[in-house]
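So you can see what is in the structure, the chains are spelled out below.
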Amino acid sequence: MRLLLYFAIFGMVIAQGFWAYTENYETQKALNDAQKLQSQIAEARARLGVLNAEWAYLNRPERLHELVDMNFDRLQLLPLRPEQFGTVGEVPVKDPQSSDLPPALELSELEGSE
Amino acid sequence: MIRKPLRPLALVLEARSQGRNPAEIERENVRARHEQARDRSRLRAESRLLVLILAFLSLFVLVGVRMGTLSMSEPMEPQSAYTGPSIVAQRGNILDRKGRILATNLDTYSLYATPQDMVDPLMAAEGLAEIFPDLDQQDLTRWFTGERKFLWVKKKLSPEQKQAVHDLGEPGLKFGPRELRLYPNGRLAAHVLGGASFGREDVAAAEVVGVAGVEKTFDAFLRDPTYAGEALELTLDLTIQSAVEHVLRGGMTLMNAKGAAGILMDVNTGEIVSLVSLPDFDPNDRPAPPTQGNPADSPLFNRAVQGVYELGSTFKIFAAAQALELGLVQPDTMIDIRGPLKWGKYRITDFHNYGNELSVHDIIKKSSNIGSARLALEIGAERQRDFLTQLGFTEQTSVEMVEASGGRPKFPAKWEDISTITISYGHGISATPMHLAAAYATLTNGGYKVTPTLVKQDYIERGPRVISPETSRQLREMLRDVVREGTATFGDVQGYAVGGKTGTADKPIPTGGGYYEDRVIATFASVFPSHDPKYVLVVTLDEPELATEVEPKRTAGWTAVPVSAEIITRIAPLLGLRPEIEPAR
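The listed protein sequences correspond, in order, to chains A and B. Residue 38 in my numbering sits at position 14 of the first sequence; the count goes up by one each step and never skips. Residue 297 in my numbering sits at position 282 of the second sequence; the count goes up by one each step and never skips.
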């Protein structure tokens, strides 16, 4: 009886030792993973910083100005003028009576009829 | 356990037969039994003590060893604790009011050399001279073959340069990581941002410290790791800043001016939306401060907050404001303006002859020196000084730039009557365009004191009242009429009801002794829309001269005013202001 108890205790010690070691190794692995992630985050952050800086550099007003000048033939972009403000009344509204969308040709027909 | 009897029969019989007392046997046995029991309990106590001693000893050893390891081990960052989204030891970014980047950091490398590690110093010198055209091959050769054990070759490298140096394959050339302060917008808002350079330097790292502008003012905040690289948000708007700078630069060239300054300020909060000073510089490559010549001519000089100028007739509105506020006059009160006005040895004259008398309203509209002087004389020196102090003209502005402390206004120590007269039309007192912008904002926003600021805040408290809303309204009508039919007719922008006051001041000769005949500071301080003021714009041109067929035009009405009008035309739509029909008075 007593011998059985001893064996049981011995077995439990072994099992607990084994459990403690696995826990230890798993913790270390988790720590390593965390560290790897941290450094990945730091790298991503650095990359983000570079990309943000590049974005800001590419969008600097000076460059946009040059691009606008270069592509004037195609885009004809001009600075915003006060005359360009419109009112809601100037926006064509869909006729509430008709359930369908007006045909796409309608606008050009209107222009032609004038 | 077999118990030994106290009176064994055999021994008792034997003792009886020999005539001894059998009770002695019993006593002897009791004694032996006691002794045994005593020995056993002592043994047990001793073993318990031993266990306790061992237990305490091992505890003490454990604590001691732990303390020893703690004191001897290298400090280590805790790995398991959550460190948050920020192991950022970088200097904080600077953003505009919409979150666009004005200043950020870029990782780069510096190049240093340890000549004793070099395999072929001559080849290294030749290679470096090829990569960096600004380095001299002979200097490099001399340094690499000399006594020196360590020398910096380049503070900042571009990635291409780094690769090229790397390709030389010279073990004596080494790279140190560096953080580079980058201003992606180049010259834009250069004076506000200032610039940064390296502080204490090491092979492995270097401090980045702000040297001017907000970079210096907020250096501690931007560097402090507790803010974990939090960005500094300014009130500037990149788009507006760019448009103002663009137009102002064009205007400066057109008007042949040697310098210009522009300030756009929110009339209610004092937030500076745009601050331009020309000529400017590239903060990525900040020039060294000038060692000779007038420092005010250096591109580093911020004309908007450092430049202290006599701002001329723009000051007339202050005399009118105070006279109205004190109830001395009404806008239609007629003032005698017959000239010249003689005061001691001084003669005050007007630019044109405006007749015998003008209303207060027309004094501002036509910009009469004599009229302003008369108003100021009624107000008196002391009250005038108090009012200008309230408007902030006797101390530096509190704009969050180190340069602002250099913009200390100049005014007479003894505020005599003649000072009162000249100050009423903006001579004898010098202030920065920033002072003027803040004062105009205060007068036109309904009368609340405005403190200019560059830092975006969630809530800006309204300052104390300086003048009444009614006076403010009357002043706005005067300013509006200056543009409608007075000295600034070129300043009208349809739909934005611009109101403003021109000022053309002769420049004082720096060596003393009077003023230049042909050099002026032309200023236009404007507010728009004048019936519902949103922004104040101050434009100052230094020595403008518009060549015309008859004679060169220098007055603000011909120079600063049209530039301001163009600026307003460009920026008002960008500011989201819809052109409006002015309400009838």
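Note that these hints are calculated values from the structure, not bench results. Backbone N, C-alpha and C define an ideal beta-carbon position, used for all residues, glycine too. Warning: the hint list may mix true and false statements.
Some chain A residues judged to face chain B by a derived CB distance under 10 Å, without partners named [to be verified]:
id	residue
1	E78
2	P85
3	Q100
4	P106
Of the numbered hints stated previously, which ones are contradicted by the structure, given in increasing order?
-> 3
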